[in-house]
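Visitor: Protein chains in written order, with our numbering: chain G, 1 to 296; chain Z, 1 to 296.
If you're looking for bench data, these hints aren't it; they were derived computationally from the structure.
All values reported here derive from a predicted model rather than from experimental measurement.
Any given hint could turn out to be false.
Same chains, same names: a pair is fine if it fits in one copy or spans any two.
As the list claims (entries may be wrong) - Straight-line distance between alpha carbons at most 20 angstroms, and here's what the computed SDA-like set of lysine to any residue pairs gives: (1) Lys233 to Asp200; (2) Lys30 to Ala211; (3) Lys30 to Phe18; (4) Lys91 to Pro80.
Protein chains: 2
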Amino acid sequence: MSAVSPIGIISMFYVRPFQAEHLVLLPAMKAAGCDFVELLVPEPGELDLAGARAAIGRAGLGCVLAARVNPARDVSSADPAAHAAGVAYLKSCVDSARALGATIVGGPIYGAPMVFAGRAPAPIGDAEREAKVARVVAGLKEAGAYAERHGIVLAVEPLNRFETDLCNTARQGLALIDRVGSPAVKLMLDTFHMCMEEDDLAGAIRQAGQAMVHFQANENHRGFIGTGTVDWKAVCRALVDVGYAGPITLEPFRRNDDRLGVPLAQWRAPARDESGDLARSVRLLRATLDFAGAAS
Amino acid sequence: MSAVSPIGIISMFYVRPFQAEHLVLLPAMKAAGCDFVELLVPEPGELDLAGARAAIGRAGLGCVLAARVNPARDVSSADPAAHAAGVAYLKSCVDSARALGATIVGGPIYGAPMVFAGRAPAPIGDAEREAKVARVVAGLKEAGAYAERHGIVLAVEPLNRFETDLCNTARQGLALIDRVGSPAVKLMLDTFHMCMEEDDLAGAIRQAGQAMVHFQANENHRGFIGTGTVDWKAVCRALVDVGYAGPITLEPFRRNDDRLGVPLAQWRAPARDESGDLARSVRLLRATLDFAGAAS
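Work the whole structure out from these sequences, hints included.
Guide: Here it is, written out as structure tokens:
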């Protein structure tokens with residue numbers, strides 16, 4: 001079968017927070033060959049959702065959402081207030097998706113943020129490990145029930161070992177959604193994190209199979225597709241093999257600044273017009289997907 | 001030319017801290033095919049250095065050292081006490097190397113630890129960036145002069161973006177040792193970090209060339225060589241191309257535990273006898289190096 005995935009770009013590629021004055025960027029995304037925009041779920045007051053939805057529609061784009069967790073809203077938390085805030089936040093993400101016309105909200109919705117929350121890895125006993133996982137499962141069951149009622153799907157995104165200690169691999173993500181057991185809680189994968197955690201990217205995609213509803217295509221170093229070590233032919237063949245037709249988002253965050261002492265893990269505003277690089281990345285991914293589809 | 005690199009194993013593979021009672025492990029390292037042990041520089045009181053040196057010799061092994069920095073001993077620090085403690089620590093590493101019969105002390109000797117120190121990435125202004133780099137350069141000049149007097153080489157190891165925000169790539173490592181300008185301050189590379197930061201592993205090795213005095217061979221996920229995504233043939237060909245004959249250390253930390261909620265970035269004791277896996281890793285690397293040498 002031929003791959004028919006829409007390809008999109010994360011709003012953070014341009015700016016953050018993404019606000020009303022940035023809606024003018026939407027036609028540039030379309031011009032670069034994108035089919036949709038992936039927005040970070042707007043924080044309250046950040047963006048008028050009705051206005052954004054209209055602008056996205058006018059640009060001929062679709063919309064996918066990315067949830068943001070932090071220690072104060074974290075369904076893995078042993079603090080009942082933080083756990084409850086985590087569930088409430090995921091429900092609010094569902095509301096935002098409805099308002100924006102999106103059907104997928106992805107991200108590390110299980111919580112337990114590490115490096116970006118200033119938390120170091122630490123040993124964990126087996127009882128606390130199981131209690132933590134049980135809190136996550138309970139929180140995602142509740143958020144999943146809410147999402148299901150509203151026709152939205154939440155997508156669990158495994159992150160690398162430095163960003164979370166809850167869920168790092170496709171296998172762990174599958175184990176988590178299996179325990180949640182909701183048709184509205186599925187899996188997403190991001191090749192940046194997979195490059196650190198998986199034995200084999202194509203193998204992990206095949207393992208995820210039909211459970212996968214969203215995909216993020218990033219180089220090992222988060223630069224533009226084609227500038228790093230990822231074997232895109234193998235990745236695209238695996239996506240075609242499992243019949244993946246969901247959205248594929250590009251998130252090229254790496255900026256052209258390799259000086260000593262510059263934090264690579266910190267988002268930086270673009271230093272130059274990168275629309276040509278984005279268009280090339282979209283074309284490369286689409287062509288690779290097309291070839292993979294034609295070969296299958 | 002044929003590659004003649006000795007291959008070794010990090011002591012952390014077995015246990016940490018590595019103490020007198022663990023010297024019995026040295027013959028097992030030799031039996032697995034290793035030529036040397038890489039020890040974390042022992043903290044004061046952790047290990048009798050003369051006794052360890054004798055045991056390493058009896059086992060027929062060599063020794064390489066790995067330095068450990070933290071916020072209290074960090075040559076990048078703006079706190080004069082922490083900066084001075086960073087320099088003093090590197091000098092003490094030189095003393096430990098002499099006592100143990102090692103000639104190389106590698107690691108993130110420029111400091112600025114992140115995730116393992118509970119520090120989140122943060123933006124940095126240009127003036128502060130340059131001041132920070134200047135502090136590192138001054139500290140490494142002083143430590144390098146001390147190392148040079150004692151015939152020891154300090155090896156700057158670029159780490160991934162989550163472990164430090166000072167030096168992430170071979171290019172940055174080369175820029176740093178160039179600014180230090182000491183024959184006793186050179187570069188080392190670790191494929192685990194390279195997998196996250198480099199456009200091309202072989203290209204980075206060729207860029208490092210003669211500046212490289214130490215190398216760590218790890219899979220993308222830190223598991224045993226051959227179980228991940230690294231193209232060892234390409235890596236070994238590049239090592240042979242640049243005439244690399246220095247030590248190559250294996251650091252397989254990944255343990256057989258993929259359960260939800262287990263921190264992958266946290267060291268764990270082995271759960272089973274992994275000596276067969278280690279021996280296979282050493283054989284695979286040696287055979288790949290031999291083939292690369294024969295082909296060149």
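Visitor: All hints, please: hold or fail.
Guide: Results of checking the hints against the structure:
Taking the shortest alpha-carbon separations for Lys233 and Asp200, both the intra-copy value of 13 angstroms and the inter-copy value of 17 angstroms come in at or below 20 angstroms. Taking the closest pair of Cα atoms, Lys30 and Ala211 never come within 20 angstroms of each other, the shortest separation being 28 angstroms inside a single copy and 46 angstroms across copies. Only within a single protomer do Lys30 and Phe18 lie at most 20 angstroms apart by alpha-carbon distance; the minimum there is 17 angstroms, versus 57 angstroms between protomers. Only within a single protomer do Lys91 and Pro80 lie at most 20 angstroms apart by alpha-carbon distance; the minimum there is 17 angstroms, versus 48 angstroms between protomers.
Hint 2 alone, counting from the list given before, is not met by this structure.
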